[in-house]
Amino acid sequence: MSPKQHFKPISRARKRRLIMPWYFDLSGKGLFLLVVLAASLLALLALAQTGRVVSTGYHLRELQKQEKALLWDQESLLSQIAQAADPAALEQWARDAKMESFQPQDITAIPLVEGDLSQAHAAGAIAEEP
Amino acid sequence: MSEFTIQARRRTTFVVGILFFMAAALVVRLLDLQLLRHDELLARAQEVVTAELPLRARRGHIYDRVGRPLALNEKGYVLWVDGEQFESSAAGISLVSNACTRQSREVVVQLMAGQAKGFYLCSRWVDPSIAEDILRLIEAEEIQGVIMETEPRRIYPYGPLLAPILGYLQDSGELVANDTTPYESHGGVEEAHDTELRGVDGKIITERDPQNDMIPIGNREEFPPRDGANVTLTLDLNIQYMAEQMLSDAIEDADARRGDIVVLDPRTGAILAMVSSPSFDPTRIAECAADPVCAEVLYTNPAIGLHYEPGSTMKIVTMAIALEEHVVYPEWAFECTGLANVDGIYFHNWDGGSHGYETLDQILLHSCNVGAVTIGQMINPETYYGYLDRLGFGHETGVDLAGEAPGYVRNTEVEGWTLVDQAANAFGQAINVTPLQLASAVATVANGGEVFQPYIVQAIEQNGVVTTTLPNLMTRAFHKEVCAEVTTMLVAVGDSKGQDGGPLVPGYRLALKTGTAQIPIPGEGYEPHRTIASAIGYGPADDPQFVILVRIEGNSVIWGEEVAVPVVRDLASFTLAYLHIPPTSE
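Same order as they appear, the protein sequences are chains A and B. Residues 1 to 130 in this note's numbering are what the first sequence lists, from first letter to last. Residues 1 to 586 in this note's numbering are what the second sequence lists, from first letter to last.
Chain A on its own, in the form it takes in the complex:
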């Protein structure tokens, strides 16, 4: 196929004119209004996109803030754990509750033979199932 046979711009333009006659018959005012309408539509689309970007950015920042707050909460909870595990406070609490120190002589060692726990049960070291 030769290029001449393939490209027929004039005939195509003529065809388009036949398909969309209203477009080519538009007056200056009509064309202006159409352009304004199209521009507004595009602006709206851009605005919607921008809005989405902004709201996602805002959401992201909120999540980052929450993450930060949660990390501070974690630190605060760990601090509470540290206070609760303070041996000085625990010792004082035990003394107030009139507890006695555990002595090494209080340890009962029960030698276990693998697979045979009857000795341990008999000694009460392992609770029986109800």
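Rather than coming from a laboratory, the hints here were simulated on the basis of the structure. Just so you know, even glycine gets a beta-carbon here, dropped at the ideal spot from N, CA and C. You may find that some hints are simply not true.
What the hints assert, rightly or not - With a straight-line Cα cutoff of 27 Å, these simulated DSSO-like cross-link-like pairs (lysine-lysine) come out:
| hint | chain 1 | residue 1 | chain 2 | residue 2 |
| --- | --- | --- | --- | --- |
| 1 | A | Lys29 | A | Lys15 |
| 2 | A | Lys65 | B | Lys203 |
| 3 | B | Lys203 | B | Lys75 |
| 4 | A | Lys65 | B | Lys75 |
| 5 | B | Lys203 | A | Lys68 |
| 6 | B | Lys75 | A | Lys68 |
Claimed, not checked - DEER-style ranges, computed between Cβ atoms:
| hint | chain 1 | residue 1 | chain 2 | residue 2 | range |
| --- | --- | --- | --- | --- | --- |
| 7 | A | Arg52 | B | Gly159 | 30 to 38 Å |
| 8 | B | Ser94 | A | Leu77 | 32 to 40 Å |
| 9 | A | Leu77 | B | Gly501 | 46 to 54 Å |
| 10 | A | Ala97 | B | Val109 | 52 to 60 Å |
| 11 | A | Gln83 | B | Ala45 | 50 to 58 Å |
| 12 | A | Leu70 | B | Pro292 | 40 to 48 Å |
Once you've looked at the hints, dock chain B against the given chain A.
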């Protein structure tokens, strides 16, 4: 050509020439702006329109071996006042002026009157409840010209109990408003593992408006910080606490200056407790630095950085070397005449008397200096110092803590060394060791002859990936049989040093050796009425799970066993119960 045409051509040439020069000037200017000064101008432009917000990496936590937090971060508030912009209600003035502790009264008055210029650091750190009140007023726009920054603040929940081991953090450089404050770590785990704990700071580069606020849809680049790793220690908080309590009581009872305790797991070299008393408060560094006694602990962890002459506790090492080298045998006996002459220098027993014929275990039981000197002289000097080197004396053990001292061994390679040095070293004099070095050497005897590198970090966790420290077996120093023989001798000592002359802890076979060393005064000999009392013990003898070393310095009670043995006994008793170690079967 007519006159008109010539004139017109001239004018045209003139105008074209001018236009050409103007265009050339523009091109030159463009080249200057776009090529030659491109980077500089771009940087200046970006400086005007962009803001860089630092993101401080969260410093990693430090935990004890069962996960109890030992070092954390809390939300700290830093208060700045802009002298020119400050305006406030009466309530705000009252709050800010009371919180402004970093400035003099005169400066605060000027600031509150809006007569000062520039940014003033008012407080670091503001009490959280006051900070929240000020933040509420800022939000309600009742205060202007006040910046309340939040920064992580390091906290140590157990304060002085762990201060020499953990170390502390200190600001470095000047504090700047709207920027994170650089800091340095000093001492202990904080300094030794600073790289892992610190993490990497991040930043946000964003476009800003003239009010310095971020533009939400502007260009924004975020480089998130990489938080520091969490470090878990081999240390046990409860053993540490009990050791500290017992040490403090002993120091008070003996009217001593200070003391240390080291508890090691001889099977691995893991440090279970490391106590120094007195200690310091890691949140009050400035106050401690101003006090000479406190400053000593501030800059040194005495358990690894303050060496001493170990005295008779060193006889354990001498005895093990002698047995390993087969220069003596357990059944041998020596005559202790109360005096040993080495190269014209006389060595006496601690009690000045003679002990008659003594077997090896009796030499340890009676802590016979003359016996130790005699045995020490039977070992080849090079061999003897080779063992000391392998056991970690005279150089750092390599423990993962900052501030370790090497100690000092005057060995055969040192000019001026004589046999007298070796004789003195045999019973723990003329040699400087740190408590950790001695505890580590005795741990070698306890575990059957293996020299482990002491360590305190059990694991490092970064983003869920845990790296566990494996025990580092450096070398083998003694045979198992030799260690068992020395342990039997030390159990004989332990069995006689309990209450009423009985076993140290009834029902258990515990090894023990005491030591008393004099305190040298540089250039003036030794302190006459005060000594360094020490005792080292381990148990249970058949399967040792802990080594306890106690050093009490400057006590007014002269003999080590009166001061340090009760501490070893009580701490061993606690540790046996705490670790659920059953009594030794008969």
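We went through each hint and held it up to the structure:
Our distance criterion of 27 Å between C-alpha atoms is met by lysine 29 of chain A and lysine 15 of chain A, whose separation comes to about 25 Å. A hinted pair counts as satisfied when its Cα atoms are at most 27 Å apart, and lysine 65 of chain A with lysine 203 of chain B qualifies at roughly 15 Å. Taking the CA atoms of lysine 203 of chain B and lysine 75 of chain B, the gap is near 19 Å; set against the 27 Å cutoff, the hint holds. Of the pairs offered as hints, the one joining lysine 65 of chain A and lysine 75 of chain B holds, with about 14 Å between alpha carbons and a cut-off of 27 Å not exceeded.
A distance of roughly 15 Å separates the Cα atoms of lysine 203 of chain B and lysine 68 of chain A; the hinted pair therefore holds under the 27 Å criterion. Taken as a hint, the lysine 75 of chain B and lysine 68 of chain A pair is honoured in the structure, with Cα atoms around 11 Å apart against an allowance of 27 Å. Roughly 52 Å separates the CB atoms of arginine 52 of chain A and glycine 159 of chain B, a value that falls outside the hinted 30 to 38 Å. A hinted range of 32 to 40 Å holds for the C-beta pair serine 94 of chain B and leucine 77 of chain A, which are about 33 Å apart.
Restraint check, leucine 77 of chain A to glycine 501 of chain B: a C-beta distance of roughly 51 Å satisfies the suggested window 46 to 54 Å. The hinted range of 52 to 60 Å is satisfied by alanine 97 of chain A and valine 109 of chain B, whose Cβ atoms lie roughly 53 Å apart. Between glutamine 83 of chain A and alanine 45 of chain B the CB atoms are about 52 Å apart, so this pair conforms to the stated range of 50 to 58 Å. A hinted range of 40 to 48 Å holds for the C-beta pair leucine 70 of chain A and proline 292 of chain B, which are about 45 Å apart.
Hint 7 from the list above is the single one not met by this structure.
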